[in-house]
Amino acid sequence: MGLLSTLRLRRLRGGWLRRARAAGRDLQPVCDRTAALHPASRLLFCTLRNERARLPWFLQYYRDLGVDHFLFVDNGSEDGSGGWLADQRDCSVWTTQASYKAANFGMDWMNHLLGRHAHGRWALVVDVDEFLVYPFCDTRPLPALTDWLDASGIRSFGTLLLDMYPKGPVSAQPCVEGQNPLEIAAWFDSANYTITRNPQYRNLWIQGGPRARVFFADRPHEAPALNKVPLVKWQRGHVYVSSTHMLLPRGLNLVYDTQGGEKASGCLLHAKFLDTLGTKAREELQRGQHYGQGREYHAYARGLAEGADLWTSWSERFINWRQLEIMGLMSKGSWA
Amino acid sequence: MSAELGFVMLVHDGLHRTAQVARYLAESGSPVVIHADARTPATDFRQLQTALADLPDVRFCRRIACEWGTWSLVVAMRHAARLMLDSFPQVRHVHALSGVCLPLRPVSHLAAFLARNPDTDFIESVSVADVNWTKGGLSAERFTLYFPFAYKRQRWLFDRAVTLQRALHIRRDMPEGLAPHIGSQWWTLTRRTLGAILDEPAAPQIDRFFKRAWIPDESYFQTMARVHSRQIESRSLTLGKFDHQGKPHVFYDDHLQLLRRSDCFMARKVWSGADRLYAHFLSDRPDAPAVDTEPQPSRIDRHFARATQQRVRGRAGLYMVSRFPVRNRENGKTAEPYSVFQGFTEMFRDFEEWLSAVSAARVHGHLFAPHKVEFAGREKVFAGGLSDSASLRDYNPRAFLTNLLWATRGERQCFQFGPADTQGRNYDLLSFMASDPNAQISVISGAWAVPLYRSGQRAEQLRAEAARLQRIETAMLGVLRSPAAHARIRIWTMAEFLENPSDPMHSIFDEIAPHQQARLIQMPELVDMQGFGAFLQDLRNQGMQPVLMGDFPLGVTDPAPGHRIK
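Chains as they are written, first to last, in the numbering used here: chain A, 123 to 458; chain B, 2 to 567.
I should point out that these hints are in silico values taken from the structure, not numbers from a laboratory. Predicted model only: the values in this text are computed from it and were never measured. Among these hints, one or two may not hold up.
[Said to hold, decoys possible] The calculated lysine to any residue pairs, modelled on SDA-like cross-linking and capped at a C-alpha distance of 20 angstroms, are:
1) A/K289 / A/T434
2) B/K242 / A/L271
3) B/K381 / A/G429
[Stated by the list, open to error] Covered stretches of chain A (in silico footprint by chain B; criterion: 3 or more residues with CB under 8 angstroms from a CB of chain B, positions within the stretch not fixed):
4) 268-280
5) 384-391
6) 440-446
Backbone N, C-alpha and C fix where the C-beta goes; we use that ideal spot for every residue, glycine too.
Bound conformation, chain A alone (with noise of 0.2 angstroms):
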């Protein structure tokens, strides 16, 4: 882990770097209102396709938590996705045709947009089926939580993306539009991760919860990784490796404490088993757009075909902050 290893990264990060620069030419502006930015506005970046009926319940949730705009990028949506966000005052559009695999799955259209907006500012991003959870967010906005983090020197903020399932199966309540997703996928699992630290990157690489413990329990090594830093005092230069599970430069994966003690960390309720997966699975079964030739998306369908219910006696309720503070899936660390 000398000078080698820096450099080495260091070239790996420029490769990236001008991947997003290339793949910015891919992103048409559907609506750009980013000139009325603030130095201090908090945004939110966020790549979809065909997500109009989760979309007025995301936007109300993190307008709430205190998202000041919000950059889309609209992956060939054909329900009306990307028109219905341009129509929005705190919405940036961009759309593309391209391939959602080949810009690393999203993550090149994402930092581009980081490098040419967020330079300086705290970004948030999500995909619209997580929901940011940290200590104090019901009686402390998201720039209580930014603020803190410039007082304290902390660059990046780190979460758990904590899977929420519904009881019963999976297709069994629909969700409508407007609806919290959360009320349906309400409970998750409380104990079940493992982790390991990845020594090239640093980050700590996270598997485990309900979609291990369904889908993955003979192959545990390919289960998703739950590990995601979405929250960064973003710089040029900065950027997304895989998903926002790790960054370059390294030292921003250092969400966690290695001498005992706890970093302020949150959770990312991930409200993505609901009755649209099934027809999600499929589809994008066959776009084959999906990280891994899409085998946990075969997983899924092969799952839910046969009815799969995630809910066990064990499973958890969702209540709040918390009771997910409690159960040591994030902390409050020294933010009392």
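Here the structure of chain A is known, so what remains is to put chain B in place on it, guided by the hints.
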């Protein structure tokens, strides 16, 4: 009485809050002098002036550009204090506050408190020789080194300059007669002391010295007060707590009750978006404490001390997204005490059922059995969402164990272990348990042979398996006897154990369920061992050498019948 108490405010941003606080103080009858950083945008400053234009006792002093940790802050404070003393001759005490301070009690309460202590200077002032709370490693060196670089903006150069000066043994001398003291900038001084500091006759020399010190705003008044004050009470009347890095804790809306019950006069630092706090404390409060109530910051102290503890030590046995300790820095490898039994289910009939019947513990089978996790009641999923899938468990056996113990906090876990179970790479799992003071590991060595014997198969068929289990258990015993073992470990050979089974059972049981020790407990029933000695001899005859059981007589072994615990 409030007119005898003046406030000097040093502000640089969030001026809408400054306007609110200054208005509140002035409308209570106290004069206010505001120093706004010269770097504050002119429009913001004009807005502040306009907002306070109707209050004759709010003044603005000459503005200078301020930088964190530098002499400029002392100069700013002196300008403000000078204007206060010159413009308001009735003022007897001056209280210093920042733009993020919030009064928690009516001004009249603080004024009455100061009137009861008319000659006391409330200023935290600790000799640098004695402080232990400076963060960043600089205490006495704040005064003896040179600091040409800005700490916040030029951190790298700042650190290098300190290192270099230490290496070269550079030292500045303290002016004669001064003993450096440091403490909170948010003091309350009497007119007499403050006036004497401002009129200091040796000022040029002293100023030159402090100009070059690090964070002089934390030491100038604190040191000079020691020269001029008649009576110092070394504490700040402003409530403020610091985290492990020396950064002030911030107050938010959810601290309202905590702040209200603290009965402190002033709090710092308050987040500028804390609308509820500002609304509550800057209004006429029917719930204000009695005027002569003494401040009680201890509850808030405990609140933040707990937070610091969590940040620095963390919760024992927790491994998560923001806590992943390196080996031996865990501050507790697992969450709670647990018991591991090796050889007991082999020796006793229905040992699991017996143990769960006589203790309040959760008794599992072989959690690390090769093909399936044997949870208590053979559940398919257990606490925390742990699955009984062996492949999931074997992917990270250690995490499986720590997860189980974390998820079942409050309930003691007992499980069976043995040489036939998953061991992890290089006995990783047992090494982990052996090094964990929470583990109680009890081993009857050689007991793995009992099921082989009871299987009814012939010795020549079992020879290879017996040799394998013995090899593994030998390695396990090596791990348990290594100097790195910190668990409560007990090891008996089968022969030793059978001599008097109730003694070992008794001591194990006392640890699991101490409150039940007075009860007379029926021992579990031993399995039938008729012919076990002959079986061992058969193995020997096949060329295998069973040793871990201890010396077994060839004939029948039968411990005294009806043995009981107590």
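Hint-by-hint comparison with the structure:
no.: 1; hint: A/K289 / A/T434; in the structure: holds (8 angstroms)
no.: 2; hint: B/K242 / A/L271; in the structure: holds (17 angstroms)
no.: 3; hint: B/K381 / A/G429; in the structure: holds (18 angstroms)
no.: 4; hint: 268-280; in the structure: holds (count 5)
no.: 5; hint: 384-391; in the structure: holds (count 4)
no.: 6; hint: 440-446; in the structure: violated (count 0)
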